[in-house]
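All chains should be modelled from the sequences, with the hints used to inform the complete structure.
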Amino acid sequence: AQSVAQPEDQVNVAEGNPLTVKCTYSVSGNPYLFWYVQYPNRGLQFLLKYITGDNLVKGSYGFEAEFNKSQTSFHLKKPSALVSDSALYFCAVRDPLYSSASKIIFGSGTRLSIRP
Amino acid sequence: ETGVTQTPRHLVMGMTNKKSLKCEQHLGHNAMYWYKQSAKKPLELMFVYSLEERVENNSVPSRFSPECPNSSHLFLHLHTLQPEDSALYLCASSQDGQGARGNTGELFFGEGSRLTVL
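Residue numbers (our numbering), protein chains in the order written: chain A, 1 to 116; chain B, 117 to 234.
Heads up, a few of these hints could be off.
Derived SDA-like pairs: lysine to any residue, alpha-carbon spacing no greater than 20 angstroms straight-line [to be verified]:
#1 K135(B) / S202(B)
#2 K49(A) / H145(B)
#3 K157(B) / R42(A)
Covered, in the sense of this in silico footprint (three residues per stretch, anywhere, with C-beta under 8 angstroms from a C-beta of chain A), are these stretches of chain B [said to hold, decoys possible]:
#4 155-165
#5 201-212
#6 225-234
Derived by calculation from the structure, the hints in this document are not laboratory data.
We treat Cβ as the ideally placed atom computed from N, Cα and C, and that holds for glycine.
Following this line, the structure appears as structure tokens:
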């Protein structure tokens with residue numbers, strides 16, 4: 001069975017500092033991994049994904065994530081946080097053996113708060 | 117703009133009303149979904165319509181009824197809802213299928229319909 005965990009409900013960072021939002025996963029094979037962001041009263045927006053290839057994936061708004069197979073992690077990072085990055089972030093995983101996106105499993109979400 | 121449009125964005129209804137949520141995708145995708153997002157709860161997949169499957173989450177009450185007339189349109193019909201049904205309802209689409217070019221199966225979400233049941 002596949003699963004994904006976001007161990008932190010909330011992450012607080014000062015503007016200009018680097019940020020990390022953690023995600024670990026469990027899947028039988030090589031995973032497809034995703035990060036989404038949700039601003040208040042909005043839908044989920046796709047940020048980035050790892051399918052194969054380079055372990056460091058770059059996405060929207062200056063975010064990047066590093067796939068670490070040995071640690072089964074896919075942490076979201078940004079070198080310098082902005083107040084506008086404050087939002088709810090979801091990690092998601094899908095076993096590529098399934099062809100349907102209905103098999104995507106979402107984490108519980110991490111609320112990122114950037115203080116000025 | 118995500119290419120997935122939901123209407124209405126906000127809906128307030130009484131428990132005896134009948135209303136519908138509408139979703140339209142302009143991405144040429146072959147699968148559409150309804151998710152429910154409640155405060156402090158995980159995202160809940162309610163219904164899936166795709167070329168390969170129609171999936172209904174058995175835990176979804178029958179007062180929610182989906183309709184998918186074609187691959188671009190999806191409805192969620194609401195009837196005699198309860199206050200606990202108040203939530204953000206998210207529509208999503210994806211391009212599914214093994215071997216489909218460019219298919220990595222990520223979901224594209226609409227902005228959501230905020231439903232309040234009085």
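Outcome of the hint check:
| no. | hint | in the structure |
| --- | --- | --- |
| 1 | K135(B) / S202(B) | holds (13 angstroms) |
| 2 | K49(A) / H145(B) | holds (18 angstroms) |
| 3 | K157(B) / R42(A) | holds (16 angstroms) |
| 4 | 155-165 | holds (count 4) |
| 5 | 201-212 | holds (count 5) |
| 6 | 225-234 | holds (count 5) |
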